[in-house]
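Chains as they are written, first to last, in my numbering: chain W, 408 to 800; chain F, 408 to 800; chain V, 408 to 800; chain E, 408 to 800.
None of these hints come from the bench; they were simulated from the model. Among the hints, a few may not be true.
The list treats identical chains as interchangeable, and a pair is accepted whether it falls inside one copy or across any two copies.
SDA-like, lysine to any residue: derived pairs with alpha carbons at most 20 Å apart [said to hold, decoys possible]:
1) Lys755 / Trp630
2) Lys755 / Gly564
3) Lys755 / Gly741
4) Lys755 / Ala787
5) Lys755 / Leu550
6) Lys755 / Asp704
A quick note: this is a predicted structure, and the numbers were derived from the prediction, not measured.
4 protein chains.
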Amino acid sequence: MTEALAAPLSAEDQTVQSMPDVSPTKWHRAHTTWFFETFLLGPAGHPGFHPAYGYLFNSYYEAVGPRHPRPDRGLLSRPGIEEIAAYRRHVDGLMSGLLSGPIDQATAGLIELGLHHEQQHQELLLMDIKHVLYVNPLLPAYLPLAFPNPGSPAALGWLYHDGGVVEQGFEGATFAFDNERPRHETLLHPFALADRSVSNGEWLEFIEDGGYERPELWLSDGWYAVNNNEWRAPQYWHSNEDGYWQFTLGGPRPVDPAEPACHVSYYEADAFARWAGARLPTEAEWEVFAIATPLDDRRSLDLDRLSPRPPEAPGRFFGDVWEWTSSAYQPYPGFQPEAGAVGEYNGKFMVNQQVLRGGCCVTPPGHLRPTYRNFFPPAARWAFSGLRLARDG
Amino acid sequence: MTEALAAPLSAEDQTVQSMPDVSPTKWHRAHTTWFFETFLLGPAGHPGFHPAYGYLFNSYYEAVGPRHPRPDRGLLSRPGIEEIAAYRRHVDGLMSGLLSGPIDQATAGLIELGLHHEQQHQELLLMDIKHVLYVNPLLPAYLPLAFPNPGSPAALGWLYHDGGVVEQGFEGATFAFDNERPRHETLLHPFALADRSVSNGEWLEFIEDGGYERPELWLSDGWYAVNNNEWRAPQYWHSNEDGYWQFTLGGPRPVDPAEPACHVSYYEADAFARWAGARLPTEAEWEVFAIATPLDDRRSLDLDRLSPRPPEAPGRFFGDVWEWTSSAYQPYPGFQPEAGAVGEYNGKFMVNQQVLRGGCCVTPPGHLRPTYRNFFPPAARWAFSGLRLARDG
Amino acid sequence: MTEALAAPLSAEDQTVQSMPDVSPTKWHRAHTTWFFETFLLGPAGHPGFHPAYGYLFNSYYEAVGPRHPRPDRGLLSRPGIEEIAAYRRHVDGLMSGLLSGPIDQATAGLIELGLHHEQQHQELLLMDIKHVLYVNPLLPAYLPLAFPNPGSPAALGWLYHDGGVVEQGFEGATFAFDNERPRHETLLHPFALADRSVSNGEWLEFIEDGGYERPELWLSDGWYAVNNNEWRAPQYWHSNEDGYWQFTLGGPRPVDPAEPACHVSYYEADAFARWAGARLPTEAEWEVFAIATPLDDRRSLDLDRLSPRPPEAPGRFFGDVWEWTSSAYQPYPGFQPEAGAVGEYNGKFMVNQQVLRGGCCVTPPGHLRPTYRNFFPPAARWAFSGLRLARDG
Amino acid sequence: MTEALAAPLSAEDQTVQSMPDVSPTKWHRAHTTWFFETFLLGPAGHPGFHPAYGYLFNSYYEAVGPRHPRPDRGLLSRPGIEEIAAYRRHVDGLMSGLLSGPIDQATAGLIELGLHHEQQHQELLLMDIKHVLYVNPLLPAYLPLAFPNPGSPAALGWLYHDGGVVEQGFEGATFAFDNERPRHETLLHPFALADRSVSNGEWLEFIEDGGYERPELWLSDGWYAVNNNEWRAPQYWHSNEDGYWQFTLGGPRPVDPAEPACHVSYYEADAFARWAGARLPTEAEWEVFAIATPLDDRRSLDLDRLSPRPPEAPGRFFGDVWEWTSSAYQPYPGFQPEAGAVGEYNGKFMVNQQVLRGGCCVTPPGHLRPTYRNFFPPAARWAFSGLRLARDG
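Could you put the whole structure together from the sequences, leaning on the hints where they help?
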């Protein structure tokens, strides 16, 4: 899948880093392979493919040594895409060998982690290349995509909860990240949750009502971000005489009022909710409804679409857009990071970030869970991030 | 009290802004007076003392108009300390007049808010002037202070709680800030809380054990801060051949192992707790014990000391140092900001900050409450901030 | 004189540093005294007045040890103005003693250098305090000053020179800085020089003709500065419905078309000259006329004016405004810096600066010379800098 | 030639911009073609190849419209190297057509300018790709190059000149840039000029004598650059237990004491000269000897070498390294920029730069002239820049 996602991109496309948060496509390809080489092949006695790759393709694991600075990933022309393809084939071959023999529990766990890690990077690859293509005045498409004609926002309904002690977090034999654990009790107060995420049509009303010009709607840090970055609409939106258009992985197209609002920061999501007389849900409020909903993957990664779609039915919780919650990203009661270097995966980021839930239109199928905790800093906009309203019950 | 705190300082001392977070002493004196003028005298029909003061001394209230940029407060030589003294006398006079007549409930509430606001700035004035004096190579004292000889850390005990649904937040007829409300139920898991805050002696052990050099102890953002700012000890600590000394409001003196560790960031507090095999408490965990403890003010602002003191007895919760909690600063369920411009007081800062509890050695007496929620960004160190350990029960 | 210039300023005024290029008044007072203490009293065996003052008040002399960072001079509340007055009295006393005894040639030279150094700082003190007062929204005056009614620019005439080999630089027994030496031959090409500097009236025409909006008039670095700093008029100029006003040491007043244009950068001077179909003179072109002109001091520092005046007569070369030349600040052929630490006075700045000639309305009388080489970086505007046109003959 | 220089580079190599001063290889290829399209084909009535290329590939010509920001050239993955090759073929075809018809004088002049412009970019392409490859921890070679064994510096001799009025600048019917004109008289003082440039062996002595640690050797801005950038040797030099090695277009190799010192800033060149008891020559001093020397191209661009070579014979002036002069880059007396947009080529950069003379090992043959004025800011090091000593005669 990773290689398939990179296939439409030229060597030049795969090299560019458009901002420090973005990684080049070829770096994603190499880093996900480095993960298997470092945490599985190395301990199994295989020497590294290249002596410098441990340095070049370590993302943030302090325990496995120094690394190339993240903001400089776009300065690396070598290794090129052919060498990285060879690296991947080499590691895939060794991993096949490993998998053909007996595997202990810990090794199986690391392999599973490596696969989920790579799925995360498949999503990041698409998020990142969208930004890379966008900063180019030519506004090239990643793939030619067909979009339906714009529609209207669906009606908005509310789901009610009486509150009380509920369970939150993952428990079970299947895969989950350490930050979803342990399953624990938490206390909810009565609340209502919207039955769909906020639409572009509603966001247009927010803009027209002066949403980006009224400080009383904004957190102080958010108001600073609005003014410092001159935010006037979601990331990738622009206006001309015909109204708003947006950049998508299929190139520029008109904003469709029926689609979920996307590429908004936490600050914008919070301000929108205040403007709407509502608030963002906590992650526990989101989860208690989502866990009672059938999990389906039909709104996740689909190479024919790569954009959030208008809701088909109310009360859906997965895919289209990640939904900002009001919950700061913090450890659950009793949280224990994984043992070893992979313990750096989640725990060390538990400050200055907000939790998002639900998955999006570029999340690989099979990578969605009602307990999944995604997280980004509150100013981030390049993820496929939207919001769902809540209010006190 | 504000004027008494400023009295030992020269005109030059009162003018300097040593970093963007710090405000000059004379600005604190003017801003607290501006609060009464803006929110009480203006609505009562009194013209402003000076047409520019509304601009110069507004801190962050968007609803009352534009303001002088915060990082530029130290560029203002005028008004000087004499003009500011006259401004205060003028407003005090008008406020006396107002107070001598009948006062409605809302007005009384604003006056009370203005007094608590001024108490907060009394603490800030001392925090800030400590930094101003510290950046001066002459290391001048704010006041001559006598300190006892260094001692040893007290024994550390633990307070146990079985968890369950408890109440959190303020309820009652006396004063509290909006962010302490509403009183609401929350669910605790069994835990233990240290019966005193961490001491300098323990912090010295952390340093000697390589605490500032081991990335596995740190949050990712914290490790960046350690390296970017070259943190090797708490703010105001330095070492020489005789060991560590610290800058205090009484000038430089040796670090006393018996005193509470102070002037540490959230990142340092979190790393220390991890090193100690513990964690920081949530604010609910802290509050459930503190509220059951007699509130006394003997460890708060005392002009003969102005430094945290060694603990007299275990199980004390107020004064000496503010204690970082693991809780991100977020609204309580059902939170409503105050109506009007003073609604900007607390609510708009509810992101990117951590809650601290308990008050410190420069908090004015009468300004302590078990439900009081102080907050600072996780990298801040110039407040009198320490920590208390917790662990799962 | 230094103390007289500081006298109208409060302790607060004397403490502020409004930008890194500016030094606080009290720093100027201390630094000029430090010069005598360091280069005369120290070698004569006198211990320093205070052990930290060598560090605090060294400006840039690498040879005499480390120094407090220039951009942080405004962070120092201590020593206060009273302590600095005492420092000056102390050093003055010791210098009086030194002067009452026999003095060798080298010592006499250093004393003379110290006096000229202090004269330079008298000018800097006024330049700097003008900026300090200007950044204050209250726009306070340094002194109450009376200004005549605005007039019209004088007629502009031209002085012609046939070119040929001429002499440039200082030679003689009286004082001059090392950078004015040695006197040497240089070759001039035929040229004409304006008989007065450019007036505000002419500058207004430049503005109205789109001077700040036409890239073809500007050096590339200048055009960047215009856009990056949003320059639309000289420093201290602002427009309102009545036209342009300017901030002066007497407070705000209307721009007088008859006065010399002032507070322009080299970039602006160069662009104006190009707009006018002329060019800036070289320093040799300026000097060959100035040296043939009687030197008078009537347009230099005058506490009743402190602003450039309309020209009284054509062909004057001294006072009112420093005049930018097209000459980069470089050593004369055969240049030798002074021996010892004072050799750092001029030579080490001979790159990235342009030469200005003539003196200005805040230059102390007695500090003007036809060979005097002042220098500033091309973007500097806070000096009293104007220009005089030249053209090929 | 441009295409031949790009041929060894992958698509990835041609995309990276390693610092704001550097342009990607594919940008150089497109920009040089844009020059012909804009200044020749457009006026001849040919529509542009692509509507966005005028914006993307304009370097700094204000007169022909807005342009993509220089520091963002490395953010452009599209157009890719194949599209740029097609663009070049398209423009080459149209230029062939143009050249097959009658051409007026002005057109011929622009074509000649376009060719010299492209030669400059051939040199820049190699300078820039050297930096791109260097920032990569893999330190890849541009081409495999064979180097001789290290030797020893040649003896240094001096060439003497009695001074007097001499001619400087270009005059003649062949090509020269506008900044080399007009030929004019200038006055020289007696001086001596070294008969070769400074060698690596001499630079090693400078390092060993503490050259980078002694402030008295440096201009003030240079000393700041040394400390701020931690310069301890020329750009591309590093030391290990075997001594110094340097990065070359052939990859890493030991520093050869016999070769000319290269990749030093003006600040370093000036400090070295002071250390050596000498000074840098003015450009007139350099030119008066160079113009009397046979011009040969044997030390310019040679794909088998791409590094400066040890001198073959004394008194040579062309190739190997550009030589910093003490002359600020300023207009000659009577300078007139070219008419039209190409007048922006040279004149608008005449501030904040120093002149270099002579050409280097990556300057295309045919692009050397004794009157040629190259220029760079004094902190630049990525050009092939060295120095030749001078002293007063």
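To see whether the hints hold, each was checked on the structure:
Proximity of lysine 755 and tryptophan 630 under a CA criterion of 20 Å is satisfied inter-copy only: 9 Å between copies versus 28 Å inside one chain copy. Taking CA atoms no more than 20 Å apart as the test, lysine 755 paired with glycine 564 passes in neither setting, with 38 Å inside one copy and 28 Å between copies. Taking identical chains as interchangeable, the C-alpha atoms of lysine 755 and glycine 741 lie at most 20 Å apart only when both belong to the same chain, with a minimum of 15 Å there against 31 Å between chains. Both within a single protomer and between protomers do lysine 755 and alanine 787 lie at most 20 Å apart by alpha-carbon distance, with minima of 18 Å and 19 Å respectively.
Taking the closest pair of Cα atoms, lysine 755 and leucine 550 never come within 20 Å of each other, the shortest separation being 36 Å inside a single copy and 42 Å across copies. For a Cα distance limit of 20 Å, the shortest separation of lysine 755 from aspartate 704 qualifies neither inside one copy, at 29 Å, nor across copies, at 37 Å.
Of the numbered hints given earlier, the model fails hints 2, 5 and 6; all others are met.
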